[in-house]
Amino acid sequence: MSDDVASLSANQMDALREIGNVGAGNSATALSQIINRRIDMNVPRVSIVPLGDVPDLVGGPDVMVVGVFLRVYGKAPSNILFLLPRDSAFYLVDMLMGKKRGDTQKLDFMDESALMEIGNILSGAYLNALFNFTNISLLPTIPALAMDMAGAILSVVLIQLGQMGDHALVIETEFNTDDEGIKGHFFLVPDPGSLETILSAVGVE
Amino acid sequence: MPELVKVGMADAKVGTAPATLISYGLGSCIGISLYDPQTKVGGLLHIMLPDSTQSRANENRAKFADTGIPDMLNEVLKLGASKSRLVAKIAGGAQMFAFANATDIMRVGQRNAQAAKDVLAGLGIPIIGEDTGGSYGRTVSIDLSNGVYKVKTIDKGEKEI
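Heads up: the protein sequence lines correspond to chains A and B, in order. When you read off a place in the first sequence, starting at 1, and then add 775, the result is the number in my numbering. When you read off a place in the second sequence, starting at 1, and then add 6, the result is the number in my numbering.
I should point out that these hints are in silico values taken from the structure, not numbers from a laboratory. As the structure is a prediction and not an experimental result, all values here were calculated from the model. Be aware that one or more of the hints could be misleading.
[Said to hold, decoys possible] DSBU-like cross-link-like pairs, simulated, lysine-lysine; straight-line CA separation at most 30 Å:
no.	chain 1	residue 1	chain 2	residue 2
1	A	K881	B	K156
2	B	K158	A	K881
3	B	K158	A	K958
4	A	K874	B	K162
5	A	K875	B	K162
6	B	K19	B	K123
7	A	K881	B	K123
[Unchecked claim] Non-contacting residues of chain B with respect to chain A, defined by C-beta distances greater than 10 Å in every case (computed):
no.	residue
8	M15
9	T22
10	A23
11	P24
12	Q44
13	D72
14	N80
15	E81
16	L83
17	D124
18	L129
19	G130
20	G135
21	T138
22	G139
23	V154
[As the list claims (entries may be wrong)] Here are the computed distance ranges between Cβ atoms for each label pair:
no.	chain 1	residue 1	chain 2	residue 2	range
24	B	G163	A	S822	33 to 39 Å
25	B	E9	A	G849	45 to 51 Å
26	A	G978	B	K12	41 to 47 Å
27	A	E971	B	Q120	29 to 35 Å
Where a beta carbon is used, it is the ideal one built from N, C-alpha and C, also for glycine.
Please model the entire structure based on the sequences and the hints provided.
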């Protein structure tokens, strides 16, 4: 495969969507059990977008978000980014810490730690499902967290891709709690060379 | 209302007063401006990486400091700027996530800032304003009517460099 991802076939896109589906489904179940709420999940979006357009997937480069970032090691190195609009992150902290909705107005050390743990659990659930599906074992690093503009946070992933090409392949799932209080975006962004490994593991080359 | 021109990631725009050039949400990237105060011609470039020779995908020259800056220089000269009057300002180059064992790619912000300075020095263009480093995002803009370069952040306020 060339270094640019712009040439994927419909079959390949379907296979990636299915991977996103099982991975995010598992993550959504995990999150739902932690916060004891139903989570709705959309059909994963598999998109190949110019690097500069990726921030638009979450509302634009200057939208304020909380991002939990994990680097994934193994046969198919990737990046995972779990992005929550700021208000969603605050509400999630309220739930995790047993506070009233609206109590959290900024993140202290414990809040950040709780959100990183959520990122950890979601990633673990996602990668486990991916393993069952593809037999590729992937291990995430400990998470890192930042609250800032979406463009700035996404640039961490986009710059890595920028060395290899001008497009990003993103497998993205949107989560919503049943009361619409929490909206989150879960991104799996395979390194350019990893795509081939993932696709051949599911028998679509 | 003066024209507001958006500069995307790995993109450059040039223009003349009264336009304002703006780039949103820079993290490790750098926003490099060139400005000629007499003709009020200027440009804003949003680079992602320091060096095009280290990359397999270098068709988009605005992605890199080493190719993007000379290209922008040519464009502002075409609009009537004089090289001897040009001044530069740079902002960005943050490290958004702190990792215990930060790899090279995590420190790309620092390398971007250094590359921007080296390239500008090589071209003989003085840097008269700088706001780089830190661990936070920046939205940057340059007002071509007066050369004011604004840096907006979420928690660290807004400043002019």
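For D72(B), which was marked as not at the interface, is the minimum beta-carbon distance to chain A over 10 Å? holds (14 Å)
Can the restraint linking K19(B) and K123(B) be considered satisfied, given a maximum Cα separation of 30 Å? Within the cut-off at roughly 20 Å; holds.
Separation of G135(B) from chain A, once the least beta-carbon distance is taken, above 10 Å: holds (20 Å)
A cut-off of 10 Å on Cβ-Cβ distance, and G139(B) was said to be off the interface with chain A. Does that hold? Answer for G139(B): holds, closest chain A Cβ roughly 13 Å.
Indicate whether the distance between the beta carbons of G978(A) and K12(B) respects the range 41 to 47 Å. holds (43 Å)
Hey, does E81(B) actually stay past 10 Å from chain A on C-beta? Given a closest Cβ separation of 19 Å, the condition holds.
Non-interface claim for V154(B), where every Cβ of chain A lies beyond 10 Å: holds (19 Å)
30 Å Cα cutoff - pair K881(A), K123(B): violated (36 Å)
Cβ separation check - T138(B) to all of chain A, threshold 10 Å: holds (13 Å)
Status of the stated non-contact between N80(B) and chain A (beta carbon gap over 10 Å): About 22 Å separates N80(B) from the closest Cβ of chain A, which puts it past 10 Å; holds.
Sort out whether K881(A) lies within 30 Å of K158(B), counting only the CA atoms. Measuring from Cα to Cα gives roughly 20 Å; hence the hint holds.
Whether G130(B) stays farther than 10 Å from all C-beta atoms of chain A, as the label says: holds (28 Å)
The structure does not agree with the numbered hints 7, 8 stated previously, though it agrees with the rest.
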